[in-house]
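Asker: These are the residues of each chain, in order.
Number of protein chains: 2
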Amino acid sequence: MIIDKLIDKIIQMQNPTAVGLDTAFEYLPDDMKEGVVDFKGVADAIITFNKTLIDHIYDIVPSVKVQIAYYEAYGTEGLRAFYETVRYAKEKGLIVIADCKRNDIGSTAAQYATAYLGETAVGEGVRAFPADIVTVNGYLGSDGIVPFTDECKKSEKGIFVLVKTSNPSSGELQNLKLEDGRTVFECMGDMVEEWGKDTVGKYGYSAVGAVVGATYPEEAKILRKRLAHTFFLIPGYGAQGGKAEMLKNCFDGNGLGGVVNNSRGILCAYKKNGGTYYEAARKACLDMKADLLSVLGEICAK
Amino acid sequence: MIIDKLIDKIIQMQNPTAVGLDTAFEYLPDDMKEGVVDFKGVADAIITFNKTLIDHIYDIVPSVKVQIAYYEAYGTEGLRAFYETVRYAKEKGLIVIADCKRNDIGSTAAQYATAYLGETAVGEGVRAFPADIVTVNGYLGSDGIVPFTDECKKSEKGIFVLVKTSNPSSGELQNLKLEDGRTVFECMGDMVEEWGKDTVGKYGYSAVGAVVGATYPEEAKILRKRLAHTFFLIPGYGAQGGKAEMLKNCFDGNGLGGVVNNSRGILCAYKKNGGTYYEAARKACLDMKADLLSVLGEICAK
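As they're listed, the protein sequences go chains Y and A.
As numbered in this note's numbering, residues 33 to 334 make up the first sequence, in order.
As numbered in this note's numbering, residues 33 to 334 make up the second sequence, in order.
To be clear, the hints were calculated from the coordinates, so they are not data collected in a lab.
Worth double-checking, as some hints may not be accurate.
Derived lysine to aspartate or glutamate pairs resembling DMTMM-like cross-links, with alpha carbons at most 20 Å apart [what the hints assert, rightly or not]:
| # | chain 1 | residue 1 | chain 2 | residue 2 |
| --- | --- | --- | --- | --- |
| 1 | A | Lys257 | A | Asp284 |
| 2 | Y | Lys72 | Y | Asp36 |
| 3 | Y | Lys72 | A | Glu116 |
| 4 | Y | Lys321 | Y | Glu277 |
| 5 | A | Lys72 | Y | Glu156 |
| 6 | Y | Lys83 | Y | Asp36 |
| 7 | Y | Lys72 | A | Glu151 |
| 8 | A | Lys315 | A | Asp91 |
| 9 | Y | Lys186 | Y | Glu211 |
| 10 | A | Lys65 | Y | Glu151 |
| 11 | A | Lys124 | A | Asp284 |
| 12 | A | Lys72 | Y | Glu58 |
| 13 | A | Lys303 | A | Glu66 |
| 14 | Y | Lys122 | Y | Asp36 |
| 15 | A | Lys209 | Y | Asp212 |
| 16 | Y | Lys209 | A | Glu211 |
| 17 | Y | Lys209 | A | Asp212 |
| 18 | Y | Lys280 | Y | Asp323 |
| 19 | Y | Lys72 | A | Glu109 |
| 20 | Y | Lys280 | Y | Asp230 |
| 21 | A | Lys65 | Y | Glu156 |
| 22 | Y | Lys275 | Y | Glu250 |
| 23 | Y | Lys65 | A | Glu156 |
| 24 | A | Lys209 | Y | Glu211 |
| 25 | A | Lys122 | A | Asp76 |
| 26 | A | Lys209 | Y | Asp222 |
| 27 | A | Lys124 | A | Glu188 |
| 28 | A | Lys72 | Y | Glu151 |
| 29 | Y | Lys185 | Y | Asp230 |
| 30 | Y | Lys253 | Y | Asp284 |
| 31 | Y | Lys209 | A | Asp222 |
| 32 | Y | Lys72 | A | Glu156 |
| 33 | Y | Lys65 | A | Glu151 |
| 34 | A | Lys65 | A | Glu109 |
| 35 | Y | Lys186 | Y | Asp175 |
| 36 | A | Lys72 | Y | Glu116 |
Over 10 Å on every C-beta distance to chain A, these chain Y residues come out as not near it, computed from the model [what the hints assert, rightly or not]:
| # | residue |
| --- | --- |
| 37 | Lys41 |
| 38 | Leu111 |
| 39 | Tyr302 |
Idealized CB from N, CA, C, for every residue including glycine.
Based on the sequences and whatever the hints tell you, model everything.
Answerer: Here it is as structure tokens:
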């Protein structure tokens, strides 16, 4: 089960981090941007940047989260870079989270599940975008999620459903109170717990996780208590303002229960600290690990 | 303003239809599938199917809705077919709705807005996926939507935000009652009306529309009354069970206020009625137009 594999790696490396490969072309060092005039050039430069970065972090972090929007902006060429990044990260043994936030009615959701987690009938084993886990949006309810959970069971994959997002306006809908006393994010969390009940693994967490922003520690506390079998993907650490102390609420007593994403803080570390981007990124990963462990203590199995 | 242009065409053609190019490879006639063994073959076959179909409908329908999931399932090759379909439909004068249901935090939403509605800094006028309108999901609140509405203003484009979706389980979240007495879909509708207030066009409808399923006429009635400046994209007619009589609630007294999508009922008409797929599709479009007008009467400006 993929969340078991992710947790195995987190314990082994003592590091619950997902490096966010939200690789905006603007983030690249000037010499890598020089002379680039078209989408193909952008894609090639991003592939080189990402692969070199992966080479310098794959032995110290368990996972990467690849944000597809930064690749879609450059059309099919950009998506070639997304594919190459996902493929290469998997080759290096990283657990790959495709951050796509996909959602649709059942028949269409099944196409997305195939794209990121499964295989089409044509092409014999060729995968469109070979990720391990994909993020999804549950606004459409169960029949937009079941095609993903079916694929998770069939192919040993996982999903993270948006529950309480890290952005400033997430509360506009998510924090509204329902007639039954729950907030919208609690209601979504309860649905996530239900969607995951058939895939609970050896650590007690299911293949259906939740996105819970580091920027909202109070909501995280409520959700960690409420969703006993739900593993969290935690964005918002670093550039968005989330600090290690705020993350404690996302984890259980053993330092398990979530993986923390950091994108700009790692990709752009060289701008702040100097040196090559890949050495600065490795150092930023080690600093982040130390920061997280200072709050979580030793991470161990229950 | 793009919704003005769409309504101009709807009035001129007396046809509020969007043909849904949710072109699953399985929908293609057997002779077009023969010998196809890889993603490139699938993409080429779908491009041929879509272009021929567009050639036979562009003079009688104002718009197409291209569902990207069916293309993503075949990776970068599939997305080449998506790009070619969007580009060709625009070349033929159709208003092109990219049905992507994208959503994310602000900085990332801006990348999606660029991908479907705007232009990147690199590439001088080359567009990633040159659509007129893109569908989005508002679960993250305003700061995930503003990058899209900013792009709408800058590039004269539009968005449709999911409000009440057509699928069986849409009510699980969307129909829950909030403490203030509104349902979640009414709350989302109110946000949509607010997001559109700066872009209201000559017909009284803004560049920020709503997705409202044909399958829920009671909810549509509530929303049509509540959201005076919100144009509707109406899925669910045909294969999903929506009938013309149920659609009446989505429109204003002049037969304006929405565009009705039909995908499988047009793409697969040949399977039911025989003949070539493109002649059967054209006939299905004319039948659908007659069906809609039988309920709406003449469509005219206010």
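Asker: Now look at each hint and say whether the structure bears it out.
Answerer: Outcome of the hint check:
{"no.": "1", "hint": "Lys257/A - Asp284/A", "result": "holds (9 Å)"}
{"no.": "2", "hint": "Lys72/Y - Asp36/Y", "result": "violated (38 Å)"}
{"no.": "3", "hint": "Lys72/Y - Glu116/A", "result": "holds (17 Å)"}
{"no.": "4", "hint": "Lys321/Y - Glu277/Y", "result": "holds (13 Å)"}
{"no.": "5", "hint": "Lys72/A - Glu156/Y", "result": "holds (13 Å)"}
{"no.": "6", "hint": "Lys83/Y - Asp36/Y", "result": "violated (26 Å)"}
{"no.": "7", "hint": "Lys72/Y - Glu151/A", "result": "holds (15 Å)"}
{"no.": "8", "hint": "Lys315/A - Asp91/A", "result": "holds (13 Å)"}
{"no.": "9", "hint": "Lys186/Y - Glu211/Y", "result": "violated (37 Å)"}
{"no.": "10", "hint": "Lys65/A - Glu151/Y", "result": "holds (18 Å)"}
{"no.": "11", "hint": "Lys124/A - Asp284/A", "result": "violated (29 Å)"}
{"no.": "12", "hint": "Lys72/A - Glu58/Y", "result": "violated (31 Å)"}
{"no.": "13", "hint": "Lys303/A - Glu66/A", "result": "holds (17 Å)"}
{"no.": "14", "hint": "Lys122/Y - Asp36/Y", "result": "holds (16 Å)"}
{"no.": "15", "hint": "Lys209/A - Asp212/Y", "result": "holds (8 Å)"}
{"no.": "16", "hint": "Lys209/Y - Glu211/A", "result": "holds (6 Å)"}
{"no.": "17", "hint": "Lys209/Y - Asp212/A", "result": "holds (8 Å)"}
{"no.": "18", "hint": "Lys280/Y - Asp323/Y", "result": "holds (11 Å)"}
{"no.": "19", "hint": "Lys72/Y - Glu109/A", "result": "holds (15 Å)"}
{"no.": "20", "hint": "Lys280/Y - Asp230/Y", "result": "violated (27 Å)"}
{"no.": "21", "hint": "Lys65/A - Glu156/Y", "result": "holds (16 Å)"}
{"no.": "22", "hint": "Lys275/Y - Glu250/Y", "result": "holds (14 Å)"}
{"no.": "23", "hint": "Lys65/Y - Glu156/A", "result": "holds (15 Å)"}
{"no.": "24", "hint": "Lys209/A - Glu211/Y", "result": "holds (6 Å)"}
{"no.": "25", "hint": "Lys122/A - Asp76/A", "result": "holds (19 Å)"}
{"no.": "26", "hint": "Lys209/A - Asp222/Y", "result": "holds (16 Å)"}
{"no.": "27", "hint": "Lys124/A - Glu188/A", "result": "holds (19 Å)"}
{"no.": "28", "hint": "Lys72/A - Glu151/Y", "result": "holds (15 Å)"}
{"no.": "29", "hint": "Lys185/Y - Asp230/Y", "result": "holds (9 Å)"}
{"no.": "30", "hint": "Lys253/Y - Asp284/Y", "result": "holds (10 Å)"}
{"no.": "31", "hint": "Lys209/Y - Asp222/A", "result": "holds (16 Å)"}
{"no.": "32", "hint": "Lys72/Y - Glu156/A", "result": "holds (13 Å)"}
{"no.": "33", "hint": "Lys65/Y - Glu151/A", "result": "holds (18 Å)"}
{"no.": "34", "hint": "Lys65/A - Glu109/A", "result": "holds (16 Å)"}
{"no.": "35", "hint": "Lys186/Y - Asp175/Y", "result": "holds (17 Å)"}
{"no.": "36", "hint": "Lys72/A - Glu116/Y", "result": "holds (17 Å)"}
{"no.": "37", "hint": "Lys41", "result": "holds (26 Å)"}
{"no.": "38", "hint": "Leu111", "result": "violated (5 Å)"}
{"no.": "39", "hint": "Tyr302", "result": "holds (19 Å)"}
Comparing the model with each earlier hint shows violations of hints 2, 6, 9, 11, 12, 20 and 38; every other hint is respected.
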